Amino acid sequence: MVVSAAAAAAHATPRTRAPGASVNRPLWVWLAMGVLGYLVFPWYAQQDANGLLAVGQVFSSEQAANGLMQAALFGRPWLWLGLAGLAVAGLGACLPAGRKQGTLLVAGGALGLA
7 MVVSAAAAAA HATPRTRAPG ASVNRPLWVW LAMGVLGYLV FPWYAQQDAN GLLAVGQVFS
67 SEQAANGLMQ AALFGRPWLW LGLAGLAVAG LGACLPAGRK QGTLLVAGGA LGLA
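Here the sequence shown is numbered in our numbering, starting from 7 and rising by one per residue.
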């Protein structure tokens, strides 16, 4: 039985994504959750209050400010390390799986914890 190349190509499994795209998808989800956590929620725990009720004040009140506002406006520059760690991990997520990617992901995590 002779099969033409066109017929074989018609039955081949279609590639819908780049090879590394689906592998890195969980990394992008975790990075997005980290950035959202940094920007949406109050950075410090609310004493005698429900922290979720303070979400509307994350850009205005020092007591309820998010990580970005705490670092930029309220004199807590060490909180920039968390965003820097997320940025380094984001660079790692752009790479294909391997040693370089792993090194950047570990470095980003360590920087964020520093």
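Since the hints were made in silico from the structure, they are not lab data.
Wrong hints could be hidden among the right ones.
[Claimed, not checked] Cut-off 25 Å, straight-line C-alpha distance, at most; resulting in silico cross-link-like pairs (SDA-like, lysine to any residue):
id : residue 1 : residue 2
1  : 106       : 116
2  : 106       : 31
3  : 106       : 35
4  : 106       : 94
5  : 106       : 93
6  : 106       : 87
7  : 106       : 29
8  : 106       : 49
9  : 106       : 81
10 : 106       : 96
11 : 106       : 66
12 : 106       : 89
13 : 106       : 83
Since the model is a prediction, treat every value here as computed from it, not as a measurement.
**Item:** Hints breached by this structure
**Value:** Hints 8, 9, 11, 13 contradicted; others consistent.
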